[in-house]
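Engineer: Residue numbers (this note's numbering): 776 to 1156.
Computed spacing ranges between beta-carbons, pair by pair:
#	residue 1	residue 2	range
1	D1023	N1080	35 to 43 Å
2	T890	E961	47 to 55 Å
3	E835	P1002	35 to 43 Å
4	F1084	S1130	26 to 34 Å
5	N1129	S954	43 to 51 Å
Treat the hints as calculated values from the structure; they're not laboratory data.
Don't be surprised by glycine CBs; every beta carbon is placed ideally from N, CA and C.
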Amino acid sequence: MNRLYFFFLIISFFHIHSCDSGLSGEYISIEKFRDLKGRVVSDSIFFVRDNRDNGQLNLEVKFSVFLLDDNIDSIQLHFPGGSPEKVEQDLKPSISYDSYGPKSVNLVLSQIDTTYYNEVISYKNTIDNDDYLNIVYRESNWGSYTKTNDSEWLVLPNQTSVILKEEEVEENMNAKVASAKFSGFEDKMIQGSIEYCVALKNPINVKVTRDNYFELWSDDDLLLKGPGFQNEECFTRNFTFEGKNEFDLKIKRYPALSTTNWKIATASASDTTSFDVYQVATEDELVGYVDVSSSTTVYLNFEQNGNEFNFGLGNSPSLLLDGDPITISSGQNKVVFSLLDGIPSSFKVFNNQNSIVPKTLLENEYYLTLTIKKLELEVLN
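Using the sequences provided together with the hints, build the complete structure.
Structural biologist: Structure follows, in C-alpha coordinates:
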(Lines of atoms letter the chains of each structure in order from A and count residues from 1; the text may use other names and numbers.)
(Lines give C-alpha, C1' and ligand atoms only; values in the text may rest on other atoms or scores of the structure.)
Protein backbone atom coordinates (compact mmCIF):
# COMPACT_ATOMS: atom_id res chain seq x y z
CA MET A 1 0.00 0.00 0.00
CA ASN A 2 2.87 2.36 0.82
CA ARG A 3 4.53 1.61 -2.47
CA LEU A 4 1.32 2.44 -4.34
CA TYR A 5 1.02 5.63 -2.37
CA PHE A 6 4.55 6.74 -3.21
CA PHE A 7 4.03 5.72 -6.84
CA PHE A 8 0.89 7.86 -6.99
CA LEU A 9 2.77 10.68 -5.30
CA ILE A 10 5.58 10.53 -7.83
CA ILE A 11 3.20 10.40 -10.81
CA SER A 12 1.23 13.34 -9.44
CA PHE A 13 4.41 15.25 -8.76
CA PHE A 14 5.74 14.88 -12.29
CA HIS A 15 2.33 15.62 -13.77
CA ILE A 16 2.11 18.88 -11.88
CA HIS A 17 5.61 20.01 -12.65
CA SER A 18 5.45 19.00 -16.29
CA CYS A 19 2.98 21.85 -16.62
CA ASP A 20 5.49 24.29 -15.19
CA SER A 21 8.67 24.21 -17.21
CA GLY A 22 9.96 27.19 -15.25
CA LEU A 23 11.10 25.00 -12.36
CA SER A 24 14.47 23.33 -12.79
CA GLY A 25 13.90 20.40 -10.40
CA GLU A 26 11.87 19.09 -7.47
CA TYR A 27 12.50 16.69 -4.55
CA ILE A 28 10.45 13.92 -3.04
CA SER A 29 10.64 13.58 0.75
CA ILE A 30 10.52 10.00 2.01
CA GLU A 31 10.57 8.82 5.64
CA LYS A 32 12.03 5.41 6.53
CA PHE A 33 12.96 3.51 9.66
CA ARG A 34 16.60 3.01 10.57
CA ASP A 35 17.89 1.54 13.81
CA LEU A 36 19.64 4.70 14.93
CA LYS A 37 21.06 4.33 18.39
CA GLY A 38 21.09 6.73 21.31
CA ARG A 39 20.15 6.87 24.95
CA VAL A 40 18.91 9.29 27.56
CA VAL A 41 20.15 9.46 31.14
CA SER A 42 19.22 11.72 34.04
CA ASP A 43 20.89 12.72 37.28
CA SER A 44 18.56 10.23 39.05
CA ILE A 45 15.59 8.00 38.21
CA PHE A 46 14.02 8.03 41.70
CA PHE A 47 13.04 11.25 43.42
CA VAL A 48 11.34 11.80 46.77
CA ARG A 49 9.52 14.93 47.85
CA ASP A 50 7.42 15.86 50.90
CA ASN A 51 5.03 18.38 49.33
CA ARG A 52 1.46 17.27 50.11
CA ASP A 53 0.06 19.39 47.26
CA ASN A 54 0.41 17.34 44.09
CA GLY A 55 0.99 19.75 41.22
CA GLN A 56 3.27 22.11 43.16
CA LEU A 57 6.53 20.14 43.31
CA ASN A 58 8.76 22.36 41.14
CA LEU A 59 11.30 19.57 40.67
CA GLU A 60 14.04 20.15 38.07
CA VAL A 61 15.61 17.09 36.44
CA LYS A 62 18.74 17.33 34.30
CA PHE A 63 19.01 15.00 31.30
CA SER A 64 21.85 14.08 28.97
CA VAL A 65 21.54 12.56 25.50
CA PHE A 66 24.26 10.24 24.19
CA LEU A 67 24.33 9.54 20.44
CA LEU A 68 25.70 6.11 19.60
CA ASP A 69 25.58 6.51 15.81
CA ASP A 70 27.46 8.98 13.62
CA ASN A 71 25.84 11.58 11.41
CA ILE A 72 22.69 12.09 13.46
CA ASP A 73 21.17 15.21 11.95
CA SER A 74 18.24 15.85 14.27
CA ILE A 75 17.10 14.94 17.77
CA GLN A 76 13.77 15.48 19.47
CA LEU A 77 12.95 14.75 23.10
CA HIS A 78 9.42 14.36 24.43
CA PHE A 79 8.74 14.65 28.18
CA PRO A 80 5.03 13.93 28.86
CA GLY A 81 4.00 15.77 32.01
CA GLY A 82 7.17 17.86 32.02
CA SER A 83 7.88 21.48 31.18
CA PRO A 84 8.74 21.94 28.41
CA GLU A 85 7.17 18.80 26.97
CA LYS A 86 9.21 18.92 23.75
CA VAL A 87 12.87 19.82 23.22
CA GLU A 88 14.81 19.86 19.93
CA GLN A 89 18.54 19.81 19.22
CA ASP A 90 19.51 19.98 22.91
CA LEU A 91 21.78 17.29 24.33
CA LYS A 92 21.52 18.51 27.93
CA PRO A 93 17.97 19.71 28.61
CA SER A 94 16.57 20.54 32.05
CA ILE A 95 12.92 19.63 32.60
CA SER A 96 10.61 20.76 35.41
CA TYR A 97 8.01 18.42 36.94
CA ASP A 98 5.19 19.57 39.21
CA SER A 99 3.41 16.29 39.99
CA TYR A 100 4.11 12.87 41.47
CA GLY A 101 4.20 9.63 39.51
CA PRO A 102 6.17 7.81 36.81
CA LYS A 103 7.48 9.90 33.92
CA SER A 104 8.33 8.72 30.40
CA VAL A 105 11.01 10.06 28.05
CA ASN A 106 10.89 9.58 24.27
CA LEU A 107 13.92 10.19 22.05
CA VAL A 108 13.45 10.67 18.28
CA LEU A 109 16.61 10.46 16.14
CA SER A 110 16.74 11.48 12.47
CA GLN A 111 19.30 11.10 9.71
CA ILE A 112 18.92 12.87 6.34
CA ASP A 113 20.10 11.22 3.11
CA THR A 114 20.25 13.29 -0.12
CA THR A 115 22.30 10.81 -2.12
CA TYR A 116 19.55 9.99 -4.58
CA TYR A 117 18.47 12.38 -7.31
CA ASN A 118 15.18 14.15 -6.57
CA GLU A 119 14.79 12.28 -3.23
CA VAL A 120 15.28 13.39 0.36
CA ILE A 121 15.16 10.35 2.62
CA SER A 122 14.64 10.92 6.34
CA TYR A 123 15.65 7.91 8.44
CA LYS A 124 14.06 7.95 11.88
CA ASN A 125 13.98 5.91 15.06
CA THR A 126 11.87 6.58 18.15
CA ILE A 127 13.32 5.22 21.40
CA ASP A 128 10.66 5.00 24.10
CA ASN A 129 11.65 5.04 27.75
CA ASP A 130 8.33 4.36 29.45
CA ASP A 131 8.17 5.15 33.17
CA TYR A 132 11.81 6.15 33.00
CA LEU A 133 11.80 7.98 36.32
CA ASN A 134 9.49 8.14 39.31
CA ILE A 135 8.63 10.86 41.81
CA VAL A 136 7.13 9.67 45.10
CA TYR A 137 5.94 11.28 48.32
CA ARG A 138 7.91 10.43 51.45
CA GLU A 139 6.81 11.79 54.82
CA SER A 140 9.47 13.97 56.42
CA ASN A 141 7.40 16.41 58.43
CA TRP A 142 5.60 14.36 61.10
CA GLY A 143 5.63 17.35 63.39
CA SER A 144 3.07 19.15 61.21
CA TYR A 145 0.32 16.56 61.78
CA THR A 146 -2.78 17.65 63.67
CA LYS A 147 -2.88 15.48 66.81
CA THR A 148 -5.32 14.54 69.56
CA ASN A 149 -2.49 14.36 72.08
CA ASP A 150 0.89 16.00 71.45
CA SER A 151 2.62 14.33 74.40
CA GLU A 152 2.22 10.85 72.90
CA TRP A 153 3.57 11.91 69.50
CA LEU A 154 7.39 12.00 69.59
CA VAL A 155 9.02 13.11 66.33
CA LEU A 156 12.67 12.09 65.96
CA PRO A 157 15.21 14.76 64.92
CA ASN A 158 15.36 13.48 61.34
CA GLN A 159 11.62 14.27 61.00
CA THR A 160 11.15 11.06 58.96
CA SER A 161 10.27 8.84 61.94
CA VAL A 162 7.74 9.22 64.73
CA ILE A 163 7.13 7.30 67.96
CA LEU A 164 3.65 6.80 69.40
CA LYS A 165 3.87 5.98 73.09
CA GLU A 166 1.38 4.63 75.62
CA GLU A 167 1.89 5.47 79.27
CA GLU A 168 -1.51 5.95 80.89
CA VAL A 169 -5.03 4.63 81.17
CA GLU A 170 -7.49 6.49 78.93
CA GLU A 171 -11.02 7.53 79.86
CA ASN A 172 -12.48 5.52 76.97
CA MET A 173 -11.46 3.30 74.08
CA ASN A 174 -11.75 6.06 71.48
CA ALA A 175 -8.84 6.32 69.08
CA LYS A 176 -6.21 9.04 69.32
CA VAL A 177 -5.89 10.56 65.84
CA ALA A 178 -3.10 12.32 63.96
CA SER A 179 -3.88 13.61 60.47
CA ALA A 180 -2.45 15.57 57.55
CA LYS A 181 -4.25 17.04 54.53
CA PHE A 182 -3.25 16.13 50.96
CA SER A 183 -4.50 17.78 47.76
CA GLY A 184 -4.28 17.51 43.98
CA PHE A 185 -4.57 13.72 43.71
CA GLU A 186 -7.97 13.54 42.00
CA ASP A 187 -8.50 10.55 39.66
CA LYS A 188 -5.16 9.07 40.72
CA MET A 189 -4.59 5.61 42.13
CA ILE A 190 -2.11 5.74 44.99
CA GLN A 191 0.01 2.89 46.26
CA GLY A 192 1.39 3.44 49.73
CA SER A 193 3.99 1.74 51.87
CA ILE A 194 4.52 2.04 55.62
CA GLU A 195 7.35 0.61 57.71
CA TYR A 196 6.87 0.39 61.46
CA CYS A 197 8.02 -1.50 64.54
CA VAL A 198 6.04 -2.49 67.63
CA ALA A 199 7.48 -3.13 71.08
CA LEU A 200 5.74 -3.86 74.37
CA LYS A 201 6.87 -1.63 77.18
CA ASN A 202 7.04 -4.46 79.70
CA PRO A 203 6.62 -7.86 77.98
CA ILE A 204 5.74 -10.74 80.29
CA ASN A 205 5.56 -14.52 79.98
CA VAL A 206 1.79 -14.47 79.65
CA LYS A 207 1.09 -13.64 76.01
CA VAL A 208 -0.58 -10.30 75.38
CA THR A 209 -2.54 -9.95 72.14
CA ARG A 210 -3.07 -6.51 70.61
CA ASP A 211 -4.91 -6.76 67.31
CA ASN A 212 -6.49 -3.33 67.33
CA TYR A 213 -3.68 -0.97 68.26
CA PHE A 214 -3.42 1.23 65.18
CA GLU A 215 -5.10 1.90 61.83
CA LEU A 216 -4.36 3.98 58.74
CA TRP A 217 -7.25 5.81 57.05
CA SER A 218 -7.90 8.03 54.03
CA ASP A 219 -10.86 10.15 55.11
CA ASP A 220 -13.46 7.49 56.01
CA ASP A 221 -11.78 4.63 54.14
CA LEU A 222 -9.77 2.11 56.15
CA LEU A 223 -6.45 1.40 54.40
CA LEU A 224 -4.89 -1.04 56.85
CA LYS A 225 -4.80 -2.04 60.50
CA GLY A 226 -1.95 -3.29 62.61
CA PRO A 227 -1.89 -7.10 62.84
CA GLY A 228 -1.13 -9.18 65.91
CA PHE A 229 2.54 -9.11 66.78
CA GLN A 230 5.28 -10.53 68.92
CA ASN A 231 7.39 -8.17 70.98
CA GLU A 232 9.86 -6.02 69.04
CA GLU A 233 8.51 -7.01 65.64
CA CYS A 234 8.78 -4.87 62.51
CA PHE A 235 6.46 -4.77 59.51
CA THR A 236 6.34 -3.37 55.98
CA ARG A 237 2.75 -3.05 54.77
CA ASN A 238 1.48 -1.92 51.37
CA PHE A 239 -1.91 -0.43 50.59
CA THR A 240 -3.73 1.06 47.58
CA PHE A 241 -6.47 3.67 47.44
CA GLU A 242 -8.03 6.21 45.10
CA GLY A 243 -6.86 9.76 45.55
CA LYS A 244 -9.11 12.81 45.72
CA ASN A 245 -8.74 16.52 45.17
CA GLU A 246 -8.43 16.72 48.96
CA PHE A 247 -8.18 13.97 51.56
CA ASP A 248 -6.97 13.55 55.12
CA LEU A 249 -4.48 10.79 55.83
CA LYS A 250 -5.17 9.65 59.39
CA ILE A 251 -3.24 7.51 61.83
CA LYS A 252 -5.44 6.16 64.61
CA ARG A 253 -3.99 4.68 67.78
CA TYR A 254 -6.29 2.80 70.10
CA PRO A 255 -5.62 2.80 73.87
CA ALA A 256 -4.27 -0.24 75.65
CA LEU A 257 -6.45 0.31 78.72
CA SER A 258 -9.41 2.49 79.62
CA THR A 259 -11.25 3.18 82.88
CA THR A 260 -14.48 1.35 83.76
CA ASN A 261 -17.12 1.23 86.49
CA TRP A 262 -15.95 -2.25 87.45
CA LYS A 263 -14.05 -2.79 90.71
CA ILE A 264 -12.39 -5.67 92.48
CA ALA A 265 -13.89 -5.33 95.96
CA THR A 266 -12.95 -7.23 99.10
CA ALA A 267 -15.63 -9.59 100.40
CA SER A 268 -15.03 -8.79 104.07
CA ALA A 269 -17.56 -6.41 105.62
CA SER A 270 -14.80 -5.00 107.84
CA ASP A 271 -12.48 -4.31 104.91
CA THR A 272 -13.91 -2.11 102.16
CA THR A 273 -10.79 -1.97 99.99
CA SER A 274 -11.39 -1.90 96.24
CA PHE A 275 -9.10 -2.00 93.22
CA ASP A 276 -9.65 -0.43 89.81
CA VAL A 277 -10.50 -2.63 86.85
CA TYR A 278 -9.64 -1.60 83.28
CA GLN A 279 -11.00 -2.38 79.85
CA VAL A 280 -8.40 -4.09 77.67
CA ALA A 281 -7.96 -3.03 74.06
CA THR A 282 -9.31 -6.33 72.78
CA GLU A 283 -12.69 -5.22 74.26
CA ASP A 284 -13.57 -8.69 75.52
CA GLU A 285 -11.36 -8.58 78.61
CA LEU A 286 -11.08 -6.70 81.87
CA VAL A 287 -7.94 -6.58 83.97
CA GLY A 288 -7.27 -5.53 87.55
CA TYR A 289 -4.16 -5.40 89.74
CA VAL A 290 -4.44 -6.46 93.37
CA ASP A 291 -1.59 -5.99 95.84
CA VAL A 292 -2.40 -7.48 99.26
CA SER A 293 -0.27 -8.45 102.25
CA SER A 294 -2.27 -11.59 103.03
CA SER A 295 -4.69 -13.94 101.31
CA THR A 296 -7.96 -12.11 100.56
CA THR A 297 -11.38 -12.89 99.12
CA VAL A 298 -12.89 -10.53 96.56
CA TYR A 299 -15.80 -10.03 94.16
CA LEU A 300 -15.91 -8.41 90.77
CA ASN A 301 -18.23 -5.50 91.47
CA PHE A 302 -20.24 -3.19 89.21
CA GLU A 303 -22.43 -0.24 90.24
CA GLN A 304 -24.87 1.58 88.00
CA ASN A 305 -27.91 3.76 88.72
CA GLY A 306 -27.85 2.81 92.39
CA ASN A 307 -27.76 -0.92 91.61
CA GLU A 308 -24.85 -3.10 92.69
CA PHE A 309 -23.80 -6.36 91.05
CA ASN A 310 -21.25 -8.80 92.49
CA PHE A 311 -19.79 -11.59 90.38
CA GLY A 312 -18.09 -14.51 92.07
CA LEU A 313 -17.22 -18.17 91.66
CA GLY A 314 -19.49 -20.66 90.01
CA ASN A 315 -17.84 -23.80 88.75
CA SER A 316 -14.24 -22.55 88.69
CA PRO A 317 -13.06 -20.70 86.69
CA SER A 318 -16.54 -19.57 85.60
CA LEU A 319 -18.21 -16.52 87.13
CA LEU A 320 -21.78 -16.11 88.31
CA LEU A 321 -23.81 -13.21 89.56
CA ASP A 322 -23.82 -13.45 93.39
CA GLY A 323 -21.37 -16.37 93.24
CA ASP A 324 -18.85 -17.29 95.93
CA PRO A 325 -15.95 -14.91 96.62
CA ILE A 326 -12.67 -15.31 94.71
CA THR A 327 -9.53 -16.04 96.73
CA ILE A 328 -6.52 -13.85 95.98
CA SER A 329 -3.07 -14.86 97.27
CA SER A 330 -0.80 -12.45 99.12
CA GLY A 331 1.53 -10.32 97.01
CA GLN A 332 1.06 -8.70 93.64
CA ASN A 333 -1.69 -10.21 91.51
CA LYS A 334 -3.07 -9.64 88.06
CA VAL A 335 -6.68 -10.76 87.53
CA VAL A 336 -8.00 -11.13 83.96
CA PHE A 337 -11.76 -11.41 83.42
CA SER A 338 -13.16 -12.67 80.12
CA LEU A 339 -16.40 -11.11 78.90
CA LEU A 340 -19.21 -12.76 76.99
CA ASP A 341 -21.66 -10.25 75.52
CA GLY A 342 -20.30 -7.73 78.00
CA ILE A 343 -20.91 -9.98 81.04
CA PRO A 344 -18.01 -11.56 83.00
CA SER A 345 -17.86 -15.28 82.23
CA SER A 346 -14.49 -16.53 83.54
CA PHE A 347 -11.24 -15.33 85.09
CA LYS A 348 -7.55 -16.09 85.62
CA VAL A 349 -5.26 -14.96 88.43
CA PHE A 350 -1.52 -14.45 87.93
CA ASN A 351 0.56 -14.05 91.09
CA ASN A 352 4.07 -12.65 91.22
CA GLN A 353 5.23 -15.88 92.84
CA ASN A 354 4.74 -17.81 89.59
CA SER A 355 4.70 -15.16 86.86
CA ILE A 356 5.92 -11.67 86.08
CA VAL A 357 3.29 -9.12 87.10
CA PRO A 358 3.72 -5.36 86.61
CA LYS A 359 4.23 -3.47 89.84
CA THR A 360 2.57 -0.28 88.61
CA LEU A 361 0.44 0.82 85.69
CA LEU A 362 3.43 2.71 84.28
CA GLU A 363 5.10 -0.67 83.77
CA ASN A 364 2.00 -2.31 82.37
CA GLU A 365 2.58 -5.09 79.87
CA TYR A 366 -0.30 -3.90 77.68
CA TYR A 367 1.40 -0.60 76.85
CA LEU A 368 3.27 -0.55 73.57
CA THR A 369 5.51 1.75 71.58
CA LEU A 370 4.75 2.11 67.88
CA THR A 371 7.59 3.53 65.77
CA ILE A 372 6.74 4.56 62.21
CA LYS A 373 10.02 4.57 60.30
CA LYS A 374 8.86 5.36 56.77
CA LEU A 375 5.69 6.37 54.95
CA GLU A 376 5.63 6.70 51.16
CA LEU A 377 2.88 7.39 48.62
CA GLU A 378 3.38 6.53 44.96
CA VAL A 379 1.06 7.70 42.18
CA LEU A 380 0.32 4.92 39.71
CA ASN A 381 -0.27 5.37 35.97
